[in-house]
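Okay, here's what each chain looks like letter by letter:
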Amino acid sequence: MSTALLANHIENDTLASAEEGNEVLNANQFVNANKNFVFSTALRFTKDYDDADDITQEVLIKALSNLGSFNHQSSVKTWLYRITVNMCLNFKRKKSMLSFFSNFKSESEYDIDSKEASAQNKMENNELFERFNHELTKLPEKQRETFALRYFHDLSYQEISELLGTSVGGLKANYFQAVKKLAQNMKDLR
Amino acid sequence: MNEMTRKQVEEALPDYLFGALNDSEKIDFEQSIVQYPDLVQELNEAKALFDRIEKTDFENAVSSKTRNMSVKVNKKLSAKPQRKRFNLITRFVLPAAAIVLIMFYTLFDANDSSDSTIEMNNQSLTSNYDLDEIAVILAESESDDVDDVTMNTSFNQINFPDVYSDIIEEMYYEEMYNYIDQITHYVGSNFSYNNDLYSNFETFEEEEFQEILKELENVGKFN
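Going line by line, the protein sequences match chains Z and S. For what it's worth, this note's numbering labels the leading residue of the first sequence as 1, then goes sequentially. For what it's worth, this note's numbering labels the leading residue of the second sequence as 1, then goes sequentially.
Honestly, the hints are just simulated from the structure, not real lab data. Values in this document were obtained by computation on a predicted structure and should not be read as measured data. One should not assume that every hint holds.
[Claimed, not checked] Some but not every residue of chain Z turned toward chain S, in silico, with C-beta under 7 Å:
(1) S40
(2) C88
(3) F91
(4) T166
(5) K172
[Claimed, not checked] Each computed SDA-like pair below joins lysine to any residue, with the alpha-carbon atoms no more than 20 Å apart:
(6) Z/K180 x S/D51
(7) S/K47 x Z/Q184
(8) S/K76 x Z/D50
(9) S/K26 x S/D15
[Stated by the list, open to error] Chain S stretches covered by chain Z per the calculated footprint, using a threshold of three residues with CB under 8 Å from any CB of chain Z:
(10) 43 to 49
(11) 88 to 97
Quick reminder that beta carbons are idealized off the backbone N, C-alpha and C, glycines included.
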């Protein structure tokens, strides 16, 4: 992997100079620049921290391995988003097949509800984050993704439209509905 | 000022709430939303919630969960090539090779075994008999006019190994017994026929008996 090529794709222009010896450092910077975006996206789809962690690793490895094939028609974030969503869908498909053949754990044991209890014990200061994530995952996918990509990741409507295949007008309507539902569902926290 | 429709106000509400509108859009929104009290209420409810929520809190929470991501990714990256090759071999190459081998064995096994059997028989035959002797037997067996005496003579001329002598002797006696059985049956059937003839004499009429005598005389004359 060329460090110069890698440098072109890393956002925030935080890369060190493109020298062969700095490949690991550059890879680290690429990971640090994008890990939260990939992780939070994976978390919304999988609703499980461990699964989201595994998928984030795989997505970043895949991205680092395939930077050469990345064309400049879209931003790194939209490219990573597509990889992440595809990987999440494949992961869910595999998981549903496995859960079909084995009765060791029911599907509900993996979702964020059960994790929430243990997470509250571990991270009491993140209670609001847990609750908000939980409410977010209850939204329809288009509303949830529009809200997350716009609110958390500051993507433009045009970028989100390319990712979700929805018109800008439709995205704005979804965004409004998402905000409205979140406000209604979290009235007790106000 | 551009007055906004209700739909436009709804669509601009989140961006207004999170400070994503420019100044002119902001003015248009603020002046238009007052016409829709329910939307004003929704805006206030959302504002009350998101005032409590800071994006940085979320980013910090996510960061705390992904803090070791670089180490994990680097670790996997260093182990990736070997693992990938291993996966490729175990998942595709080995099963494909096994299928090809099974197909090859299944398709050619019958031919191979028959060929090998014929070859083994040929080796056994040529090791026990002289090729000239085998040729004579085959030629005689294929010709229609060969008689049993010639055949048996040729057969007896072959120096069979001791291991076959008992089998040949047994076959010879079995054949002989068959001949004896056939002769016995033939004689027996003739005898029974004669018995029937004699028994029929009692039922002959005089005229019929005379006719038979005449026939016998004619046969005697002819001879």
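Legend entry - Given hint Z/T166 near chain S, where the shortest CB pair must fall under 7 Å: Result: violated, 13 Å to nearest chain S Cβ.
Legend entry - Coverage of the region 88 to 97 of chain S by chain Z (three or more Cβ within 8 Å): violated (count 0)
Legend entry - Hint validity - Z/S40 Cβ closer than 7 Å to any chain S Cβ: 5 Å, holds
Inset, instruction - So, Z/K172 near chain S? Judge it on the closest CB pair being under 7 Å. - result: The hint holds - Z/K172 has a Cβ within 7 Å of chain S, the shortest such distance being about 3 Å.
Inset, instruction - Verify the proposed pairing of S/K26 with S/D15, using a straight-line Cα cut of 20 Å. - result: Since the Cα atoms of S/K26 and S/D15 sit roughly 9 Å apart, the hinted pair holds (cutoff 20 Å).
Inset, instruction - Go check the region 43 to 49 of chain S versus chain Z for me, would you? Three or more residues, Cβ under 8 Å, otherwise it fails. - result: holds (count 4)
Legend entry - Pair hint S/K76 and Z/D50, alpha-carbon separation not exceeding 20 Å: At roughly 16 Å apart (the allowed maximum being 20 Å), Z/D50 and S/K76 satisfy the hint.
Legend entry - Interface hint status, Z/C88 versus chain S (Cβ within 7 Å): Z/C88 check fails; min Cβ-Cβ to chain S is 16 Å, beyond 7 Å.
Legend entry - Hinted contact Z/F91 with chain S - closest CB pair below 7 Å: 16 Å, violated
Legend entry - 20 Å Cα cutoff - pair Z/K180, S/D51: 15 Å, holds
Inset, instruction - Decide if the proposed pair is consistent with the structure: S/K47 and Z/Q184, CA atoms, cutoff 20 Å inclusive. - result: 12 Å, holds
Figure legend: structure checked against the earlier numbered hints; hints not met, in rising order: 2, 3, 4 and 11.
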